[in-house]
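Chemist: The sequence shown begins at 0 in numbering that gives the first Met the number 0 and counts up one residue at a time.
Treat the hints as calculated values from the structure; they're not laboratory data.
Treat the numbers as computed from the prediction; the structure is a model and nothing was measured.
Cβ atoms here follow ideal geometry from the backbone N, Cα and C, with glycine treated the same way.
A portion of the hints provided could be inaccurate.
Pairs of lysine to aspartate or glutamate residues, derived as EDC-like cross-links and limited to a Cα-Cα distance of at most 16 Å, are as follows [what the hints assert, rightly or not]: (1) Lys-207 x Asp-171; (2) Lys-87 x Asp-49; (3) Lys-145 x Asp-263.
Cβ pair distances, simulated, as ranges [said to hold, decoys possible]: (4) Phe-378 x Ser-36: 39 to 49 Å; (5) Asn-55 x Ile-238: 37 to 47 Å; (6) Leu-24 x Lys-115: 12 to 22 Å.
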Amino acid sequence: MKNILFLNEKYGNWILKITFSISFLIIAYYHLSSGFSMSTDSARFSLWADTLIKLNFNFFDFFLIEKTAIRPHLFFFSVPVFAIALCKIIFVNNWQYVFLLFNLLLVFFSLMIFVKTLRKLDVRPIFISLSLPVIVISVDILVWPKFILSDMIYAFFVLLATYFIIKGILKDKVYYLQLFLVIILLLASRPSSFPVIFSIIFFIFISKYHFLFNSKIILLSLITLFISTPFVFSLLFSIIELNFNGARVDFIVNMVKAGTIIHDRPETWVDIPNNFIDVVNIYFLRLINFFNPYASTFSVVHIILNIIQLFVILLSILIWSLSSDVFKISNKIFLFILSLSFFVAAFHSFILIDYDWRYRFPIILPLIMLFPLSLESFFKR
Numbered sequence: 000m001k002n003i004l005f006l007n008e009k010y011g012n013w014i015l016k017i018t019f020s021i022s023f024l025i026i027a028y029y030h031l032s033s034g035f036s037m038s039t040d041s042a043r044f045s046l047w048a049d050t051l052i053k054l055n056f057n058f059f060d061f062f063l064i065e066k067t068a069i070r071p072h073l074f075f076f077s078v079p080v081f082a083i084a085l086c087k088i089i090f091v092n093n094w095q096y097v098f099l100l101f102n103l104l105l106v107f108f109s110l111m112i113f114v115k116t117l118r119k120l121d122v123r124p125i126f127i128s129l130s131l132p133v134i135v136i137s138v139d140i141l142v143w144p145k146f147i148l149s150d151m152i153y154a155f156f157v158l159l160a161t162y163f164i165i166k167g168i169l170k171d172k173v174y175y176l177q178l179f180l181v182i183i184l185l186l187a188s189r190p191s192s193f194p195v196i197f198s199i200i201f202f203i204f205i206s207k208y209h210f211l212f213n214s215k216i217i218l219l220s221l222i223t224l225f226i227s228t229p230f231v232f233s234l235l236f237s238i239i240e241l242n243f244n245g246a247r248v249d250f251i252v253n254m255v256k257a258g259t260i261i262h263d264r265p266e267t268w269v270d271i272p273n274n275f276i277d278v279v280n281i282y283f284l285r286l287i288n289f290f291n292p293y294a295s296t297f298s299v300v301h302i303i304l305n306i307i308q309l310f311v312i313l314l315s316i317l318i319w320s321l322s323s324d325v326f327k328i329s330n331k332i333f334l335f336i337l338s339l340s341f342f343v344a345a346f347h348s349f350i351l352i353d354y355d356w357r358y359r360f361p362i363i364l365p366l367i368m369l370f371p372l373s374l375e376s377f378f379k380r
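Please take these sequences and the hints and turn them into a complete structure.
Modeler: Laid out in structure tokens, this is it:
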């Protein structure tokens, strides 16, 4: 075992290259053999792309075509609509297959960023190689890239933001220009990008003022936030219900009043709330269910793969908490990725957790990144 862990750098890199290639080919083969998938949102993106083409890619006019009380401004869909429009112009009837290939290209670059980030941290190639199969069996990775949606684009930009944050941690600086550009792209990819942007700004702020980065303090702070957030959300719900109205507000309020946990997954719903504590319970269940590996309609294989992924992430946090004092830079990285995951989970717990945990997908690669990093921390100890 020791000989494997302390492989010569040259052999370790070869193993990493082989594992990387096999992992990507398996993911690509799975999606290509499954084919692309269209959803209601996919059809909407397609119609918007047709409109953008008719407008000769004039985004100023495009942003004015559709203003509804519920749907966000069309700027927040600019990047995926632009990508679909290009695919339609160049490849006409085959545009969906090309968009799938584009998503797979983003998967490839995401894996490249994943590996490059960890190598910058001097994580041993063998540990990175061990983490790649976890990505391959991730249900999130095996579901969403095949959809004609913004998910893979958005997930790529989230990982890119993580890369620049980690690079900044290593250099003890903030890459303001790069992060600003990524933030613009995040905003133009999905309207629910605000928690990711908040996480970036939050981390820059606490890094600037050199707050104490201790694993126990970080975990205690996150646990405190996790427990207190449902109460805060319940208070906000009460204020919104009594003082505001409108289609967007009604949408949020009515989902809670119906006892909705996961959208379009009635098996996860609870009884209609009758008091403040019932509302707290709904928000608490939403937070927990954001990372839930189980649903009664999942297949056994689906559940097992989800459990493996969750186990690896929880194991990474445990290993880090026991060994972070040796590899102190990992404290900042864990803080960013865990706070990113929490803010994304909290935001969607308040607004909506979509069918099949779609909004969890963009934070999966950053979370799996914790596994090789925690192993490196442990063996440095």
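Chemist: A separate judgement is required for each hint: does it hold in the structure or not?
Modeler: Hint-by-hint comparison with the structure:
Under the criterion of a C-alpha separation no larger than 16 Å, the hint pairing Lys-207 with Asp-171 is consistent with the structure, at around 10 Å. The suggested pairing of Lys-87 with Asp-49 holds, with an alpha-carbon distance near 8 Å, which does not exceed 16 Å. Distance restraint check for Lys-145 and Asp-263: the Cα-Cα separation of roughly 20 Å exceeds the 16 Å cut-off, and the hinted pair is therefore not satisfied. Roughly 41 Å separates the CB atoms of Phe-378 and Ser-36, a value that falls within the hinted 39 to 49 Å.
One distance hint, 37 to 47 Å for the beta-carbon pair Asn-55 and Ile-238, holds here, with the actual separation near 45 Å. Between Leu-24 and Lys-115, the C-beta spacing of about 19 Å keeps the proposed range 12 to 22 Å intact.
The earlier numbered hint that this structure contradicts is number 3, and it is the only one.
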